[in-house]
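Enquirer: If you want the building blocks of each chain, they are given just below.
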Amino acid sequence: MLVPVRCFSCGSVIGDKYEKFRDLVQGGMKEDEALDKLEIKRYCCRRMVLSNFNVMDQLIPYAESVYRLKLQQEED
Amino acid sequence: MTVTKLAADKASLNLRIKGYDLDMINALRRFCLVEVPVLAIDDVVILENSSLMYDEVLAHRLGLIPIVTPHKYLEGGEDGVQVMLVLDARAGTVTRTIYSGELVSAEDREVKPASAEIPIAELAPGQSIKLEAYAKLGRGKVHAKWQATSKAVAKPTPVVTIKNASTAKREQLEGICPVHILASKDSKLVVTNPLECTYCMECEKLDPDSISIKESKDDYIFSLESVGSVDAEDILMAGVDIMMKDFKDLHSRVDVI
Ligand code: SF4
Ligand SMILES: [Zn+2]
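First to last, the sequence lines map onto chains Z and A.
Counted from 1, the first sequence has number 37 at position 37 by the numbering used here; the numbering is strictly sequential.
Counted from 1, the second sequence has number 1022 at position 22 by the numbering used here; the numbering is strictly sequential.
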């Protein structure tokens, strides 16, 4: 699914940091530096962000195509 | 007993407490962890949800979002006080993510998510979510979503002693410390900030002749970290107040016997 709201182990909020992390890494920063920059200190929280996989990104295209199909049917 | 503030901001608090028993510091730690009342979403009425996320998952995510808890709830609030927040989101012609910032309360403007950037769900075009969420006052001992802290730790103050300063292993020792508090200065090994030591003991394992790590007695570092619902300093104060109240309660009960 989407990134978890909190760290499973300690309960600190990491949900709001994932997208920033992703953008930093895509911008060419190394993962450990990005985590340090976002002040994610403990390794329980670091693995939450580092190992997250967004399944939603793979599901959304289906919902988008359903929407497009509906638009087409309305046009016909 | 002396207390010194090592570092403090809204999100975290570090205190050095000297001459006080660990038992009492630990009691305080536990009160801060599970007894400080905060608001968290407990009941969700879902009016509309055509997103890809199940109602249950959505409600679970909402529950974990820390909600800013104003002072009036901390002081006079009874467990069970509730504030309604609403979320009404719709995707137009492009896919978008709904963030916690869209969760608003009409009853009390001060009650809002501690961070406005937590993703709640992703909506494909044409999908929508409409719900009422009831934030209730509760305690961490019932559910972790009511914990005001993400860290409440007491550790004995480390005493790092360098016995043999000009050792051949200096460079190795410098490199091995995970918190980088061992450094070379004028070809001697020095400790830059002994309070940061994590007791990993790597340095002592490498060269027991030149360095030793000890825990000091009656001298502790107490650190708190807030999740954002209540400021760290207020958590400590509330923890102390609740602890005192409980002790007074015990006192009056014992008096009756
Ligand atoms: S015990 Fe670990 S953290 Fe402490 S000084 Fe030695 S290497 Fe550093
Ligand atoms: Zn964590």
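Please keep in mind that the hints were generated in silico from the structure rather than gathered at the bench.
These figures come from a predicted structure and were not determined experimentally.
Worth double-checking, as some hints may not be accurate.
Listed below are the simulated DSS-like cross-link pairs for lysine-lysine, each with C-alpha atoms no more than 27 Å apart in a straight line [what the hints assert, rightly or not]:
no., chain 1, residue 1, chain 2, residue 2
1, A, Lys1217, A, Lys1155
2, Z, Lys41, A, Lys1130
3, A, Lys1205, A, Lys1072
4, A, Lys1188, A, Lys1214
5, A, Lys1005, A, Lys1245
6, A, Lys1214, A, Lys1141
7, A, Lys1112, Z, Lys20
8, A, Lys1163, A, Lys1141
9, A, Lys1151, A, Lys1072
10, A, Lys1072, A, Lys1155
11, A, Lys1155, Z, Lys20
12, A, Lys1005, A, Lys1214
13, A, Lys1151, Z, Lys37
14, Z, Lys37, Z, Lys20
15, A, Lys1169, A, Lys1151
16, A, Lys1005, Z, Lys37
17, A, Lys1112, Z, Lys41
18, A, Lys1214, A, Lys1018
19, A, Lys1130, A, Lys1018
20, A, Lys1010, A, Lys1136
21, A, Lys1151, A, Lys1112
22, A, Lys1130, Z, Lys70
23, A, Lys1205, A, Lys1169
24, A, Lys1010, A, Lys1141
25, Z, Lys41, A, Lys1205
26, A, Lys1248, A, Lys1072
27, Z, Lys41, A, Lys1214
28, A, Lys1155, Z, Lys41
29, A, Lys1245, A, Lys1155
30, Z, Lys41, A, Lys1248
31, A, Lys1010, Z, Lys37
32, Z, Lys41, Z, Lys30
33, A, Lys1136, Z, Lys41
34, A, Lys1141, Z, Lys20
35, A, Lys1018, A, Lys1072
36, A, Lys1072, Z, Lys41
Here chain A is said to cover these stretches of chain Z; the calculated rule only asks that three of the stretch's residues, wherever they fall, bring their Cβ under 8 Å from a Cβ of chain A [what the hints assert, rightly or not]:
no., segment
37, 6–19
38, 24–37
By construction, the Cβ of each residue, glycine as well, lies at the ideal position given by its N, Cα and C atoms.
Enquirer: Hint by hint, say whether it matches the structure.
Expert: Going down the list of hints, with the structure as the test:
Between Lys1217(A) and Lys1155(A) the alpha-carbon distance is near 10 Å, which keeps this suggested pair within the 27 Å criterion. The straight-line distance between the Cα atoms of Lys41(Z) and Lys1130(A) is roughly 36 Å, outside the 27 Å bound, and the hint therefore fails. Distance check on the hinted pair: Lys1205(A) and Lys1072(A) sit about 52 Å apart at the alpha-carbon level, beyond 27 Å; violated. Straight-line distance between C-alpha atoms of Lys1188(A) and Lys1214(A) comes to about 21 Å, which keeps the hinted pair within the 27 Å bound.
For the suggested pair Lys1005(A) and Lys1245(A), the alpha carbons sit about 25 Å apart, so the restraint of at most 27 Å is met. This hinted pair does not check out: Lys1214(A) and Lys1141(A) have alpha carbons roughly 34 Å apart, beyond 27 Å. Under the criterion of a C-alpha separation no larger than 27 Å, the hint pairing Lys1112(A) with Lys20(Z) is consistent with the structure, at around 22 Å. Proposed proximity of Lys1163(A) and Lys1141(A) is contradicted: the alpha carbons are some 46 Å apart, above 27 Å.
About 24 Å separates the Cα atoms of Lys1151(A) and Lys1072(A), which keeps this hinted pair within 27 Å; it holds. Restraint check for Lys1072(A) and Lys1155(A): not satisfied, since their Cα atoms lie roughly 32 Å apart, outside the 27 Å limit. About 32 Å separates the Cα atoms of Lys1155(A) and Lys20(Z), which puts this hinted pair outside 27 Å; it is violated. The suggested pairing of Lys1005(A) with Lys1214(A) holds, with an alpha-carbon distance near 22 Å, which does not exceed 27 Å.
In summary, the hint linking Lys1151(A) to Lys37(Z) is supported, as the alpha carbons are separated by about 20 Å, within the 27 Å threshold. Restraint check for Lys37(Z) and Lys20(Z): satisfied, since their Cα atoms lie roughly 10 Å apart, inside the 27 Å limit. Between Lys1169(A) and Lys1151(A) the alpha-carbon distance is near 36 Å, which puts this suggested pair outside the 27 Å criterion. Proximity of Lys1005(A) to Lys37(Z) is assessed by CA-CA distance (about 25 Å); at most 27 Å being required, the pair is judged to hold.
A threshold of 27 Å between alpha carbons decides the hint, and for Lys1112(A) with Lys41(Z) the separation of about 26 Å falls inside it, so the pair holds. Simply put, Lys1214(A) and Lys1018(A) have alpha-carbon atoms about 16 Å apart, close enough for the 27 Å limit, and the pair holds. Restraint check for Lys1130(A) and Lys1018(A): the C-alpha separation of about 53 Å exceeds 27 Å, so the hint is violated. Between Lys1010(A) and Lys1136(A) the CA atoms are separated by roughly 23 Å; this keeps the pair inside 27 Å, and the hint holds.
For the suggested pair Lys1151(A) and Lys1112(A), the alpha carbons sit about 22 Å apart, so the restraint of at most 27 Å is met. Using a Cα cut-off of 27 Å, the hinted pair Lys1130(A) and Lys70(Z) holds, with the two alpha carbons roughly 22 Å apart. Taking the CA atoms of Lys1205(A) and Lys1169(A), the gap is about 12 Å. The hint holds against a cut of 27 Å. Among the hinted pairs, Lys1010(A) with Lys1141(A) is consistent with the structure: their alpha-carbon atoms are about 23 Å apart, no more than 27 Å.
A hinted pair counts as satisfied when its Cα atoms are at most 27 Å apart, and Lys41(Z) with Lys1205(A) qualifies at roughly 25 Å. As the CA atoms of Lys1248(A) and Lys1072(A) are separated by approximately 22 Å, the hinted pair is consistent with the 27 Å bound. Restraint check for Lys41(Z) and Lys1214(A): the C-alpha separation of about 24 Å stays at or below 27 Å, so the hint holds. With a C-alpha separation of about 17 Å, the suggested pairing of Lys1155(A) with Lys41(Z) holds against the 27 Å cut-off.
For the hint linking Lys1245(A) to Lys1155(A), the alpha-carbon distance of about 26 Å falls within 27 Å, and the restraint holds. The hinted pair formed by Lys41(Z) and Lys1248(A) fails the criterion: a straight-line CA distance of about 39 Å is larger than 27 Å. Of the pairs offered as hints, the one joining Lys1010(A) and Lys37(Z) holds, with about 19 Å between alpha carbons and a cut-off of 27 Å not exceeded. For the hint pairing Lys41(Z) with Lys30(Z), the CA-to-CA distance comes to about 16 Å; that is within 27 Å, so the pair holds.
Taken as a hint, the Lys1136(A) and Lys41(Z) pair is broken in the structure, with Cα atoms around 30 Å apart against an allowance of 27 Å. The hinted pair formed by Lys1141(A) and Lys20(Z) fails the criterion: a straight-line CA distance of about 32 Å is larger than 27 Å. For the hint linking Lys1018(A) to Lys1072(A), the alpha-carbon distance of about 33 Å lies beyond 27 Å, and the restraint is violated. Annotation: proposed proximity of Lys1072(A) to Lys41(Z) is violated, straight-line Cα distance about 32 Å (limit 27 Å).
Against chain A, the segment 6–19 of chain Z contributes 10 residues with a C-beta closer than 8 Å to a partner C-beta. That satisfies the three-residue criterion, and the hint holds. Remark: the segment 24–37 of chain Z is not confirmed as covered by chain A, as 0 of its residues place a Cβ nearer than 8 Å to a Cβ of that chain, below the required three.
Of the numbered hints given earlier, the model fails hints 2, 3, 6, 8, 10, 11, 15, 19, 30, 33, 34, 35, 36, 38; all others are met.
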